[in-house]
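S.K.: Here is how the chains run, residue by residue.
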Amino acid sequence: MTRLRLFALNALLTLLCVATLYPVLWVVKLALSPTQTLSLSANPLPEAVTLDHFRAVLGSSDAQGRWLFGRQLLSSLVVSGATTLVGMSLAVTAAYALSRFRFPGKDSGLQLLLVTQMFPATLMLVPLYSLLQTLGLLDSLGGLVLVYATSSLPFCVWMLKGYFDTLPRELEEAALMDGASRWQVFVKIVLPLARPALAVTALFSFMQAWNEFILAATLLNDAARFTLPVALQRYVGEYKTEWGHFAAGALLISAPVMALFFALQRYLIGGLTAGAVKG
Amino acid sequence: MSRGARRVAASLLLLFASAALAAPLRLWHGYRGGEEEAIERIARQFTAETGLEVEALAVPYDALSSKLTSAIPHGAGPDVFIFAHERLRQFHRLKVVAPTPALETDRYLLPAVAALELDGAHYGYPLAIKCLALFVREGVAAPDSTDALERVLPAHLSPDTFGIAWEAGDFYFHAPILAGFGGQLFGADGRARFDTPEMARSLTWVKSLQDRALLPQEVSGALVKTLFNERRIAMAISGPWFASEIDPQLGYSVHPLPVVSQTGLPMSPFLGVEAAFDSARSEQAEAAQRLARYLSVGDATLQRVTLGRQIPAELAAWDDPLVSGDPLISAFRAAAERATPTPNTLEMARVWEPMKLALKAVLQGGVAPEDAGALADRRYRALNREALPQADPRPWLIALAVGVSWLLWRHARRPRQPSPETWLGLTWVAPAALGLLALVLIPFVIGLSLSLFHHEAGDYTFVGGANFVDILTSRGYRFNEPLSFYFTLAVTLLWTAVNVVLHVSLGLFLAILLKEPLLKLRAVYRVLLIVPWAVPNYITALMWKGMFHRQFGAINALLGLLGVEPVSWFTHWSTAFAANVITNTWLGFPFMMVVSLGALQSIPADLYEAAAVDGASRWAQFRHITLPLLRPALLPAVILGSVWTFNMFNIIYLVSGGEPGGGTDILVSEAFRWAFQRNEQYGFAAAYSVLIFVVLFVWSRITRRLSGEEPA
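Protein sequences, first through last, are from chains D and F.
Sequential numbering from 1 applies to the first sequence in my numbering.
Sequential numbering from 1 applies to the second sequence in my numbering.
Hints are computed from structural coordinates only; laboratory data are not their basis.
All clues stand as given, with none of them false.
Partner residues aside, some chain D positions facing chain F, computed with beta carbon under 8 angstroms:
| # | residue |
| --- | --- |
| 1 | Trp-26 |
| 2 | Tyr-96 |
| 3 | Met-124 |
| 4 | Gln-133 |
| 5 | Leu-146 |
| 6 | Val-157 |
| 7 | Phe-261 |
Covered stretches of chain F, as calculated for chain D (at least 3 residues, CB under 8 angstroms):
| # | stretch |
| --- | --- |
| 8 | 584-598 |
| 9 | 642-653 |
| 10 | 663-672 |
In this text, all values refer to a predicted model and were calculated from it rather than measured experimentally.
We put the CB at the ideal spot given by N, CA and C, even for glycine.
Please model the complete structure; the sequences and the hints are all you need to start from.
M.R.: If you want it as structure tokens, here you go:
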């Protein structure tokens, strides 16, 4: 490849990156500008810088003097963390069984998993509400965790099963011959090998719980237990939008997910594709 | 006593004390800023005086009504809630609100009490009134008639300034004008009617102001505020909330809306009454009544006036110089004397969507003012479906029984070799299967069966397949109109196809660029290009919605740099659709890029070397090596991507919001509107969802053939 072509390639990619990041810079600018309104300007760099919006969003507290942002961050972390934990532990065993064992109902089960994904989630809200009430799980983070974990299960199971399918069985068979139990084989051999897929799947269930707001807004009735997206919703009303607060909040909410993404990105390519190839 | 022990003792004491007391009274409201602060102070005072704890919750205003109607009937809602009176009839039918027989009707403004009356009983304690008035900048003569208005305004015109602004696309703002032209929204039978000469005349007048540039185009609340503060309009029509948005340096006065000179009738705005309502399901009904009343009188009123700048409904407050001496508040009381309470009927709730359609159509020039009434009329009839006749459930039950037993029989008949792994497999999947059964499959089956019912105000009637018949024959509107199932389906398919093609081609293109081995900054580029994927998609949607803003958006600013006229993105179908597609492409290409990167890595490099030796061009290499070998990896991603895009609710709902006139809605967002925005027609919405499900199911069958998989 000639120097010139390499240069052109770099220039093109830089341009594409700038185009991709432009909307993000625009949000950063809104978050740092002193006003609450949009301003007509193509320049994505802030003209005046203030941390007021961040201070207002981070420092929000309620009448009882509780530090709302801190509690909401905590409940977001608890819900997303627990969702990932519960969802993954249910998904890995199911996916492994679906990949390795033969048992009746396996194929129809797999199809059923896919089929449930095709029914619009927002329309499940009405039956779900009554169901959670029956279980006594309205207005509780536990109820939210259960719903999130089960609703991301089909996707997780499919991803993991696809990945398990690509792993060679010889190692497991050899270990079984040597007297290891199924469980030992699973924990000591299969799970470590499947690390990229586990990382990606965990990332997805974490993100799904971290970002969801329709269900959380409907089920939770206490401002101190709101998850962060529900809290953010307050800044964008139908009649009035506080763009500065919204932008600052949006950045604060996106930051942890982005950090996770970048920490796990080396798994992303392998984890997604190996599963997808056999899918 | 050590510090630790003391703390334990203290918390034990607290525990007993709180166990002895009743649970705190829960108060839900949608206030922000000063009004919220006032409510919290009043709640604290109430606790200090009565010893009853109050737990106030500020719910985003848009979510408050649906949260109330879902929580209270389940016994999970508040004891007291604050809301505007126009939903009262609906709250009453859903058994959400309790009557307030102890209301001292002579303590409050007469229209405020009247607004809370339903079939002879009163519901709620009136807190404040809200209506529209005319804000006039200092130095401008306040007009008392439309003739005077049209005389005053031209003096304030320049290329960059207008005369007056209000949110002309919203019926709340058009209603006073319609009334001023003598229009009656409801006929003698109580049904809404739109196709009247008064409607045409009122629309013609507004359009003529806009044609003369006295009124700017596509006015939003944010624009009114900016124009007024930048002294680019002489007047604005808005409500009491506008006062807090005006630049403190700017002098202005508030007046009642002018008289329409053609008819001699005053423009009569809607009067909204905010009230503290008692929940019908409160377990502490007596205390709840006490709190609601407390909020509405005496010191609480003064707090709401001084902190929240409310226009009080309590008569005694007007004797206080703090209230009567306040120019803004007394000006609004004068304006309110011409106002009519917003009808608290169900019929009123059905007016907004058709009128919004008609107003936008006229102001954008698509429809003549004379024809707009007919347009609204048709939309109204399409949205408000007559209650369907009850059907006999027996044939359906028999069909269900036959279907289930056939499935079981087929299953039992199938020869099966007993597998030693059966038990093992079943135990390993059991936890996941149980969870799925309880929280995914049961709601799914309930959702499916809801489609056979008609829902109205909490009551379900079995109607058999009538919902499906209505949808598939597109009853009430033409096949090629935005509300028809076929139109929406076509839009959805186009939306899915365009997005998937763009995602895959952009993703693949970037992946190929990034594959270049000499690229030193590859890792950096890759990280930067993944960013859109990591941003939560509702944030993406709202961010792009802001960027496409007609007056303040970055996209129009960029176009301005290139010398292109600002585009009003959401008034034409093609640009609104494009805005949705651009947003979704930005959001979706990184996924395809990552999948393509992984897939490209799995293609052995020596294939390309061999091809290069044979003299194959780069295009030939791409065509004959890359594409065929990518297919197995890309196809599942494409299938997954197409299902996601097909049901991509957030982008459509938040970016274009279906504008113009519902034209860019896809099937999911249409279903959502039927369920949550058009009188809770859950059954109809569920039927939509079933059809979505059927389309995707067929699609999955087709793609399984495409990917050459054996049917399971």
